[in-house]
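Chemist: Chain by chain, the residues:
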Amino acid sequence: MINFERYSLENGLKVILHKDETTPMVTVNVLYDVGSRDEQPDKTGFAHLFEHLMFGGTPRFPDYDKIAQAAGATNNAFTSNDLTNYYISLPAANLETGLMLEADRMDGLLFSPESLEVQRKVVIEEFKQRYLNKPYGDVWLEISPLAYQVHSYAWQTIGKKVEHIQDVTLNDVKAFFAKHYNPQNAVLSISGNIDIKTVKSLVNKWFGGVSSGIAYQRKLQSEPPKTQKQTLKLERDVPQNAIYKVYNMPGRNSAGFYSGDLLSDLIGRGLSSRIYKELVSDKRLFTTAGASVTGNFDPGLFIVSGMLSPGVDFDKAENALDKIIDDVKNGEILDSELEKIKNKVESTFLFNNINHSDIAFHLVWFELMGNAGNINKEVNRYREVKKEDLRSFACEYLKDSQSSVLYYATKTPLK
Amino acid sequence: MNAVPTISKIDKVDFLAVEEIELRNGIMLYVIDAGEQPVCKIDVVFNAGTSNHENRVLPSAVNALLNDGTSKHSAGQIADIIDGKGAFFMSACHMDYGITTLFSLSRFARDLLPLFIEIFNDAIFPEDEIELYKTRMKQQFLIQVQRVNVQSNQALLNALYGKDGAYGDPTSIADYDGLSRDKLVDFYKANVQGAPQMVFASGKIGEELKALIVQTFGSLKVKQPEKAGPAIFGKVTSTKELIEIPGKNTNQVSMRFGKLALSHDHPDFWNLSLLSTVLGGYFGSRLNKVLREEKGLTYGVHAYITQLKNSAFFNIHSELNRDNRDEAYEATLSVFEGLQSKLVEKEELEMVVRYIKGSLLQSFDGPFAQSNYLLTSQVLGLDQNRAHRYFDFLNIVKPEEIMATAQNYLNENSFYKIIAGV
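Residue numbers (my numbering), protein chains in the order written: chain A, 59 to 473; chain B, 3 to 424.
Think of the hints as simulated: they come from the structure by calculation, not from any bench. The reader is advised that the hints may include incorrect statements.
[Stated by the list, open to error] Below 30 Å or equal to it, Euclidean Cα-Cα: the simulated BS3-like pairs (lysine-lysine) are:
id, chain 1, residue 1, chain 2, residue 2
1, A, K218, B, K11
2, A, K263, A, K219
3, A, K381, B, K136
4, B, K297, A, K232
5, B, K136, A, K124
6, A, K77, B, K297
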C-alpha cells in the first residue's frame, strides 16, 4: 500500500505528497500533460526539444543546473508520446530549492535564441546517437507509421526527421510553453523524507503564485481499425534478420489493456514463455524473441518480435509467431501459466516501487491517467483477469489483417 | 517575490546497518535487512570475471549458462519454477568477478533458495543450450562491434593493458566457436562450483530467512578457485598518438581520451576523483558546458574513473558529428588548459562538492543501493568506509590541489586518444 495525500491549489495545480522516512532524500516531480502525440505532423520532435529548453534558464535564474547542483541535486527529464516529466532529487534539507526551481520555470522561461540554437544541435546529435548511428536504432521510426496512419503515435518522440528539429523557431517555442506549461496542465508530486505540514506551506509559497493559464483541450484523431495488413521490408547493414509484428490494441486505461499486457507476458516474457520455449529453445527459429505492449494512454500496440536464426526466412519466422497466437485463440491456457504471470506482475510492481523517486513518478502518472489512488489497485486489476479474457483479447485484437509487420533484413547474412 | 532559500550543507552520510557474518565454511555473508516492500535480493559473487580466462567470452558464457540445466532440472523447468514465483534470476560477468542474483518476493525466497544454489553449484551445461548461446552471442557480438563507442572502448582497453593483458579485449567472433563444453565445465569446476566468494542479502529478509541463508550457504562444501587469469598487463603496442578506427556509413564518431588512473590507496586518489567530476562527471561539468551547452557538438560528454580490482583507468568519452571532431578535440584540450592555469572558483568548487555529496547520499538510498555499493567495495578490495573518507576530503579540499592535479594528470601527451567511425 502506497500512502499519499492529494489536493489542488487554487491555480489548478494538482499536488500529491508521499512520505518515506527511510530515505535521506526528497524528490520533486513535475509532470506536464503534453507529449509527442500533441504535435503537428509537420512539426514533430517538438515536445522533446522543448524539454531540453526547459533547462535553458528563466529571467530570475538563468542557470537552472548551477543552482540544482549546488543544492546537491540530481535532476533530469524525459518525454514520451503521452507526457513530459521532470524530476529533481535532493538531500531532504534542500527541498525548498527544488520547489523554487520547478515553480520558477513553470512561471516563465528566458526564451533565449542561443539556448534554442545549441539545444537544436544537441537534439540532432541525440537523434543520430540513439536512432540513426545504432544497429536496429531506426526500427520504431519505421514501424510506427505503419501501425498508425491517422493518430499522432505515428512518430516517435525524437521526431520524424532531423529537418523538423532544424526548422523550429523561437515563436514555436513560446507558443508551446503558453499552451502546455501551466498549473492546469501539470501534476506535482513530492516524495521522500518530508514533513507534510511544512511541505504544504512551501508548495503554496512557491507554486501558489504561478498564474493558472488555460487548460489544454486535447483533440486527437483516433486510429480507425485497419482494413488490411501493413508490411514494410527494409535492408540494412546489420548482422541478422529481425521481424517486428505489431497489432493495435486498447489504451492503458481500459480493461482490455490488462488482458493484453498479461497475454504478452504469457507468450513472450522471459525464459518460461511460450515463444522462448517453443521458438527459441525448442525449434531454434529465433535466437531471441518475445512479446510486449507499449502501454500508451491512447490505444497502443501489442508487439511480437524476434531475431531470426541464421538460415531461417521471414515466412517461416512469421508463421511460427502466428501459430503461437493461434494456440492462444484455439488451445488451452494452464492455470499455472496464468498464476505465474500474475506473480511476475506483482513482484515487478513491488520492485518498481521501492525507491521514493520512482514512487514520485508513478503517483503523478496514475493521476494523469485518472486517479493516483489506482496505484494501489493496479496489481488487483491484473489479478482479476481470467483465462477467457486472454482468449477473447487474442480473438478480437490479434488478427493478421489488423497487423503491421516490419521485415528488417540484413544485407550480409551470417552463416 | 520569495527569497531564495539557504542551501544546507551535508556533513555526513548515514548507512543502514550491515550485519557481517562469517559462515562456518569461511564464506562471508553481508546482510542489510531493511526496506518497506516485501521483496529481497541475494547476490553471490565468484572469481569468474572476464579477466579470469584467456578467452574473454568464456567466463561470460559460463555465467550465462548456469541456469540452462542442472542434474535435477532442465533449463525449461528452472525457468518455470523461478517465473512461477514471480522471481528473477540474473547472472552477470564483470571484468573481475561473476555474480548470480535472485530477486524474489520475500515470501517465496525460502522456496527458491535450494534451486538458486543448485543453479550455481550443480550446472551441467547441455550441448544444445551451448549451441543456442553461441548463435545468439555471435549475432550480438556483430551488432555490438558496429557501434563506434564499443570500438573505441575496446581500442582503449587494448592500448592500456595490451590485448593479452587481463583487462585487454582481444575478442573476435572466433572466440565464440572456441566455447566447447569441456572448456566451460573446466572453468566452472575451477571457479564457480563450490567456490562462492561472498554472499549479499538485502531487502526485507527477516530472522527466519536470514537463518536459512546462514544455514544453506554455510553448509556448502567450498574450495578456493584455482584458475588464475592472465597477467594484468600484456604486451602494450599502442602509442599515445591519435588512434583512428575507420568506420563506414557512420553519422557520428566516438572520441575517447584514456589513461591509467591512480589506485585507490594513492595519496592523490581523491584529488583525481574530484578532478574527473569537475572535468566531465556531471551535467554542469567543464566539458559538458563547453562541448554540449555552449557549442552543441554532442548529446553528452563524460569523464570518469573505472575502478578495477587490480587497476583503474580514466576515460573521457563523447559521440559527435564527424565534422565536429577537430573542434571538439581542441575544445577538450582548452578545458584541460583552463584547469591547469586557473584556480577553480570557490563557487564552482562548492557546487561540485555539494553535487558529489548529494550523489553519494543517493548511492546509499535504500537496502539494494547500499548492498550494491558494499558489494563493489568488497569485491574490488576497496575500503568500505571510502564514502566517509571522501566526505572528509571534500570538506577540506582546496582549489590549489585541483589545479596541481590537473597539471600532473591532464596532459594531452599522457592520454591515448581514440576516434572510432572515421
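Chemist: Now tell me if each hint is right for this structure.
Modeler: How the hints compare with the structure:
This hinted pair does not check out: K218 of chain A and K11 of chain B have alpha carbons roughly 45 Å apart, beyond 30 Å. Taking the CA atoms of K263 of chain A and K219 of chain A, the gap is near 42 Å; set against the 30 Å cutoff, the hint is violated. A distance of roughly 26 Å separates the Cα atoms of K381 of chain A and K136 of chain B; the hinted pair therefore holds under the 30 Å criterion. Taking the CA atoms of K297 of chain B and K232 of chain A, the gap is about 23 Å. The hint holds against a cut of 30 Å.
Our distance criterion of 30 Å between C-alpha atoms is broken by K136 of chain B and K124 of chain A, whose separation comes to about 48 Å. For the proposed pair K77 of chain A and K297 of chain B, the alpha carbon gap of about 41 Å is over 30 Å, so the pair is violated.
Comparing the model with each earlier hint shows violations of hints 1, 2, 5 and 6; every other hint is respected.
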